[in-house]
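Build the full structure now, drawing on both the sequences and the hints.
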Amino acid sequence: MNKLLKSMILTALLFAVSVGAVAAGTSPCGPQILAKVDEMMGAQSKVMTQNMTIVAANGQERTREMQMWSRQMQGGDEMLAKFLAPADVRGTGILMKDDDMWLYLPALGRTRRVAAHAKKGSFMGSDLTFDDMEQLGSRGFSPFYRSELVGEGEVSDSECFILELTPLQEDNAFSRLTMWVDKNIFLPRQIEYYNEGGELQRRLSTYNLSAEAGRWQAERMVMEDLLKGSKTILVIKEVSFDQDLDAALFTTRSLERGV
Amino acid sequence: MKKTIFSILVLATLLAVPPQTSSASGPLLSGRLTSELGVVFTEPLDFSGGQQIIVNLDQLLDSGAVHLRLQGDYTLPGGNWVLALDEAYLDYYAANFDLRLGKQRLNWGTALQINPTDVVNPVNIANPLGDKRAVVLLNLAYYLNDNWSISGAYAPFFTPAIAESPNPLIELIKPENSFENGEFALKLSAQGIQGMDASFSAYRGREKTPTPLL
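The listed protein sequences correspond, in order, to chains A and B. Position 244 of the first sequence, counting from 1, maps to 244 under the working numbering, and the rest follow consecutively. Position 44 of the second sequence, counting from 1, maps to 303 under the working numbering, and the rest follow consecutively.
Among the hints, erroneous ones may be present.
To be verified - Here are a few chain A residues that sit away from chain B, every Cβ distance over 10 angstroms (derived from the structure):
no.	residue
1	Glu-148
2	Glu-170
3	Thr-251
Said to hold, decoys possible - Computed spacing ranges between beta-carbons, pair by pair:
no.	chain 1	residue 1	chain 2	residue 2	range
4	A	Gly-121	B	Thr-301	25 to 35 angstroms
5	B	Ala-354	A	Gln-243	17 to 27 angstroms
6	B	Pro-286	A	Lys-237	17 to 27 angstroms
7	A	Met-73	B	Asn-355	16 to 26 angstroms
8	A	Lys-120	B	Ala-353	31 to 41 angstroms
9	B	Glu-439	A	Met-73	41 to 51 angstroms
Note that these hints are calculated values from the structure, not bench results. Cβ coordinates follow ideal geometry from the N, Cα and C atoms, glycine included.
See below:
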C-alpha cells in the first residue's frame with residue numbers, strides 16, 4: 001500500500017473521529033483538527049483562477065493572473081498551472097505529478113523537468129514555494145506534518161485552535177509551523193513558518209472567508225516573508241470544485257498548448 | 260587606439276492587448292520593441308546599434324491554433340527597416356496527435372544553448388546565441404499514452420545557416436528542392452518514467468553551415 005493511500009485512510013479516520021469529537025462538544029486533538037483543515041481545503045478536483053501580486057521589499061508590485069487545475073489521485077496529486085497575464089509570462093506553465101515537475105516557457109518553446117528539490121524553492125518568483133501551492137491547493141498538511149494542539153487564541157476576530165506542526169520528513173524547508181485554525185469552519189487564519197535556525201521567516205494570513213458549494217475558502221491570502229520584507233497576495237477570482245477533469249489535462253502535451 | 264564601446268539598451272518594452280482569460284477568446288497580440296545604441300569613443304564619435312520589433316499574433320481555435328510572428332530590424336548607421344515573416348504556422352490538435360504545419364522552430368532537447376538533438380533548425384550565424392532560424396516544416400507528434408510520444412518532422416526546403424554568401428566571390432551552393440532532398444527527423448520521447456525523461460532521435464539532413472569546396 002503506497003504512502004498516499006495510507007495517509008488518505010489515516011486522514012479519513014481522523015476526520016471521522018474529529019467529527020465525533022466536535023459533535024460531542026469535546027475539544028479535538030491536533031491531528032483531528034489538521035484532518036478537518038485538509039478536508040475543508042482539499043477537493044477531489046479544483047479549477048481556480050486567481051491573481052498573484054508580488055510586492056518586493058522596495059514596494060515594487062507585479063501582478064500575474066493564473067489558472068490552476070488540480071486533482072487528487074491514488075498515485076499522487078496532479079496540478080497544472082498556467083499564467084494568463086501579463087503578456088510576458090502568458091503561456092508559462094507548470095505541471096506537477098506527484099514528485100515529478102515540469103516547467104514550460106513559451107519564449108523557449110521547451111518543456112524542462114524541474115529537480116524535485118526545487119519544490120522547496122520559490123513559485124514563479126513569489127514568496128510561496130511549490131510545496132505551498134500543493135499543500136494549500138489540494139494535498140493538505142497531514143501528509144507532511146505531525147500536529148499537536150498547543151492552545152487557543154484569536155486571529156481577525158476568529159476563535160482559533162493553535163496547532164504546532166513539525167515535519168515528518170527531514171528535508172522539509174521549515175523546522176516547524178504554527179497554525180491558527182478557525183474553530184467553527186476549520187480554515188487556517190494564520191500560519192507562521194520557522195526556518196531551520198528557528199527564526200520566524202514567513203507568515204500566511206487568510207481573509208475574506210466565503211462558502212462555495214458548502215465548502216469554506218479564503219478568497220484572499222497574504223504570504224509575507226518577514227526576513228526579506230516582501231509579500232505575495234493571492235486573490236481568488238473564480239473557483240469550482242469536484243469537476244470531472246480529463247487525465248489528458250495533466251500532461252506535458254497540455255502544458256505546451258496555448259492559453 | 261584604445262576604444263571603449265558602450266551598448267546601451269535604451270528601450271525594451273512589451274506591447275500587448277489585455278489578455279483574455281478564456282481559451283476560446285479573440286486573438287492575442289503581443290510583442291517586443293528593443294532599441295540599442297553603441298558608442299565608439301573615437302574622434303568624431305561613432306554610433307552604431309539599431310532597433311528590433313517583434314509582433315506575435317496568436318489565435319486559439321476549437322481544435323488548433325494559428326501563430327504569426329513578424330520581425331522588423333533596423334540597423335544604424337543609415338540602415339533601412341527589414342521586415343520578415345519570422346514564423347507562421349497552423350496547429351491541429353486531434354485526440355492522439357498534434358500537427359503543426361508552417362514556418363517554425365522545432366525545439367528538441369531541453370537545454371538552453373547546447374542541444375545535440377536540436378538539429379533541424381539552423382543556427383543564425385549573425386546571432387549564434389539567439390533564436391535559431393525558422394524553417395518550413397511539417398511536424399507531427401503522436402502520443403502513445405501520457406508518458407510516451409513519437410515525433411516526426413519533414414522539411415521540404417533546405418535553409419542554410421546564412422541566407423547569402425558573405426563574399427560575392429564565394430558562391431553559396433544549395434541543394435535542389437525536391438522530396439528526396441528534404442530533411443527528416445524522428446524522435447521517441449518518454450517523460451516521467453521512474454522520475455526521468457529520455458528521448459532517442461534520428462535525423463537525415465544536411466550540414467547547415469556552408470563548407471568551402473577546395
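Results of checking the hints against the structure:
Chain B leaves A:Glu-148 outside its interface by the beta-carbon criterion, the shortest separation being 33 angstroms against a cut-off of 10 angstroms. Listed as a non-interface residue, A:Glu-170 keeps its Cβ farther than 10 angstroms from every Cβ of chain B; the least gap is roughly 19 angstroms. Annotated as non-interface, A:Thr-251 brings its C-beta within 10 angstroms of a C-beta of chain B; the closest such distance is 5 angstroms. About 47 angstroms separates the C-beta atoms of A:Gly-121 and B:Thr-301, a value inconsistent with the hinted range of 25 to 35 angstroms.
Checking the proposed 17 to 27 angstroms range against B:Ala-354 and A:Gln-243 shows it holds: the Cβ atoms sit about 20 angstroms from each other. Distance hint check for B:Pro-286 and A:Lys-237: the Cβ-Cβ separation is about 23 angstroms, which falls inside the suggested range of 17 to 27 angstroms. Take A:Met-73 and B:Asn-355: their Cβ atoms lie about 22 angstroms apart, and the range 16 to 26 angstroms holds. Between A:Lys-120 and B:Ala-353 the C-beta distance comes to about 39 angstroms, which sits within the given range of 31 to 41 angstroms.
Remark: the range hint 41 to 51 angstroms for B:Glu-439 to A:Met-73 is upheld by a beta-carbon distance near 48 angstroms.
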